[in-house]
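S.K.: Next come the chains, spelled out residue by residue.
2 protein chains.
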Amino acid sequence: MNWREHLAHRSQNIKPSAIREIFKLTQGKKILSFAGGMPAPGLFPVARLTEAANTVLDEQGAKALQYSTTEGYPPLREWVAQQLDGASPEGVQVVSGSQQGLDMIARILLDPGDKVAVTAPTYMGALLAFDAFEASYLPVSIDDDGMELESLERALESGAKLIYAIANFDNPTGITMSLERRHGVVELARRYGVPIYEDNPYGELRFEGDDLPHLYELAPDLVIYGGTFSKIVVPGFRLGWLVADPELLTTVTRTKQASDLHTATFTQMVAYEVLRDGFIDGQVEQIRDYYRKQRDAMLAALEKSFPKEVHWTRPRGGMFVWVTLPQGMDAMEVLKEAVSRGVAFVPGGPFYTDDTGGNTFRLSYSVATLDEIDIGMHTIGEILKSVKV
Amino acid sequence: MNWREHLAHRSQNIKPSAIREIFKLTQGKKILSFAGGMPAPGLFPVARLTEAANTVLDEQGAKALQYSTTEGYPPLREWVAQQLDGASPEGVQVVSGSQQGLDMIARILLDPGDKVAVTAPTYMGALLAFDAFEASYLPVSIDDDGMELESLERALESGAKLIYAIANFDNPTGITMSLERRHGVVELARRYGVPIYEDNPYGELRFEGDDLPHLYELAPDLVIYGGTFSKIVVPGFRLGWLVADPELLTTVTRTKQASDLHTATFTQMVAYEVLRDGFIDGQVEQIRDYYRKQRDAMLAALEKSFPKEVHWTRPRGGMFVWVTLPQGMDAMEVLKEAVSRGVAFVPGGPFYTDDTGGNTFRLSYSVATLDEIDIGMHTIGEILKSVKV
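Each protein sequence line maps, in turn, to chains A and B.
Here my numbering is used: position 223 in the first sequence is 1418, and no number is missing along the way.
Here my numbering is used: position 116 in the second sequence is 1311, and no number is missing along the way.
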């Protein structure tokens, strides 16, 4: 059967993930990778999760293994609501990882051709979800304080139907939106009557400075908030949550029911076990300390090894540093040379919706050792110094 | 914010699940329910799953908790491929329960208005998935041997883009498609060049007779097969699999990546632990024995308590008996009276795509005790005898 002829319009142009294609370059090689956004596995609380799994099976028995409600495990929904000012359990939908949150909001809000305002660059996984429903994009420029308001307003004037934002320790740039900008973004969204999707996978991973209010907390009526278990505990449970106006949540829940009935009962209960009793507070502190040291090592290595013409961000949290090469330099060429020397990162182009960003790339400091960070940045630095601009 | 104005076209007419609405009737009441399709929780192998969870965390550690590949855990894909003649691991996509398989195939194959050939009646969860992508329907009539071929051919002539079939112990009817019909359905599909989605949640639950080849096994190039862990072990893991032509699977995997990256690593590994070592064979035998006794009790109770003008199916496996009342009788009215007497079932209307079936209903024998089955059927029988046709 020629399957291409049978595909729906939305599926005819599904592109392979750019990151996947890049990773093919590294197959079969021993690579020092700064590419992935995976959390450091050494931080996974294996013993505590084993204990929690046993507790759940012992205390809940068959209930932990049966079908359950589409909205999610009620105590987990309550826990989530307690984390956010303005949220109520009725506004919480448990999802199978934050990618499913993006997927569901895309399918609920976006008709083919609808425009989404996204920063340039923005998270590739969000573009994957929006692309799947044939969205188009209005790129919004950013500086060290996050979205530039004039640029956002132009996007809203041009008919943006949704604003997508990562206010804390952005992927890929590491940038944190300032308090002033948060207020500005919410005010513009309100003035134009456009909802915001606030994706917050990294919010707990703050190394310095005070927590800022979430966009959701500034406007719970028009912000849809996406949170996840992946970066604070483990990603392998595929567990996240959407928080939204309860009126919208009804549609979210019906969409979830059609998509996969509900998220696994068992993993929801195990997750709740480690979230509820204060264990998570110590866990988050440990993660912050770890990634702070990783970031410090990477910033020091960049300072030491990268040429002066290259710029990079100084994240206050999260997992990523964003590098900008002088105009005209091609990060993909740098990557090819780096891979041949056993080092990898993600070139920036695929994070843009308008074919720009060829001179940028993303570095993750989450999984390499401190020594590997030093060696890896040295290698990339050598390549950058040898390339003619 | 008025969210209705912001919804995409596909989301503007999402209906609440008919079953959910019906269940609202029963809230706060002590109800003897023959409505749900839930497996009997007493059959869940809690001890074995606890052991398996500990083994996985002990042996795999952080690997069981990290991100993993979109296609699924390789040994699980191999196990699935071994279950089906004609399948290879490259053609297996692990999904988060069989509902997600339906959802993904709907979104990959169906443009708004595309026609799906479905039996009348058919599985409500499939309609939910197809509705979400604005499908329309061509109902195919059935008899005790499954889909009637002339009716299927008319649907194909009318432009069906996909055939949806549950060949084994159908939900809701309990009917099993005969070998001859299986060949006939596959031949028609091939002649018209239309793919088949074969949904097989109940295939292992055979009480009598020999296993028949799956539609997939008769035509692996044009059948997409959906299987699940829910009915053989537990539903609370949300774990299933799609098996398809590897050419189509590439698109399935990319769609899965956009939907939720991958199914939980941990539950895939735990499931594989209980599937791989032969435990599952004893488990399936136990489940068959249990449900066979349940079915026998229900058929005996129906024989004893239902009036002669009422007809019902005699399933050779699965969980459901399908009841047809004389024309003109309204199963919804019977349900209301039954609920007032503390008994529930699912009226048949919502299983049809053409507003027929008002005189039908589904009985599940999966969770009630043998005594409860006798009492429940007596109650419904009394109501049926008292209603004027």
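Source of the hints: derived by calculation from the structure; they are not laboratory data.
Model, not experiment: these values are computed from the prediction.
We put the beta carbon where it would ideally sit given N, CA and C, even for glycine.
Hints are not guaranteed to be accurate.
As the list claims (entries may be wrong) - DMTMM-like, lysine to aspartate or glutamate: derived pairs with alpha carbons at most 25 Å apart:
hint : chain 1 : residue 1 : chain 2 : residue 2
1    : B       : 1210      : A       : 1442
2    : B       : 1258      : A       : 1329
3    : B       : 1258      : A       : 1480
4    : A       : 1210      : B       : 1440
5    : B       : 1356      : A       : 1329
6    : A       : 1310      : B       : 1329
What the hints assert, rightly or not - Residues from chain A shown here face chain B by an in silico Cβ test under 10 Å; the list is partial:
hint : residue
7    : 1234
8    : 1244
9    : 1439
10   : 1440
11   : 1531
12   : 1545
13   : 1547
S.K.: Taking the hints in turn, state whether each one holds.
M.R.: Hints and how they fare:
1. The hinted pair formed by residue 1210 of chain B and residue 1442 of chain A meets the criterion: a straight-line CA distance of about 15 Å does not exceed 25 Å.
2. Of the pairs offered as hints, the one joining residue 1258 of chain B and residue 1329 of chain A is violated, with about 35 Å between alpha carbons and a cut-off of 25 Å exceeded.
3. Distance check on the hinted pair: residue 1258 of chain B and residue 1480 of chain A sit about 22 Å apart at the alpha-carbon level, within 25 Å; holds.
4. For a cut-off of 25 Å, the pair hint linking residue 1210 of chain A to residue 1440 of chain B stands: about 19 Å separates their Cα positions.
5. Distance check on the hinted pair: residue 1356 of chain B and residue 1329 of chain A sit about 22 Å apart at the alpha-carbon level, within 25 Å; holds.
6. Taken as a hint, the residue 1310 of chain A and residue 1329 of chain B pair is honoured in the structure, with Cα atoms around 22 Å apart against an allowance of 25 Å.
7. Interface restraint check: residue 1234 of chain A against chain B, minimum CB-CB distance 8 Å, threshold 10 Å, status holds.
8. At a threshold of 10 Å, the smallest CB-CB gap from residue 1244 of chain A to chain B is about 7 Å, leaving the interface hint in force.
9. The criterion of a C-beta within 10 Å of any C-beta in chain B is met by residue 1439 of chain A, whose closest approach is roughly 9 Å, and the hint holds.
10. Evaluation of the residue 1440 of chain A hint against chain B yields a held restraint, the C-beta minimum of about 7 Å falling below 10 Å.
11. Because the closest C-beta pair between residue 1531 of chain A and chain B is about 24 Å apart, greater than 10 Å, the hint is violated.
12. A least Cβ separation of about 14 Å between residue 1545 of chain A and chain B goes past the 10 Å threshold, and the interface hint is therefore violated.
13. Because the beta carbon of residue 1547 of chain A sits about 18 Å from the nearest beta carbon in chain B, more than 10 Å, this interface hint is broken.
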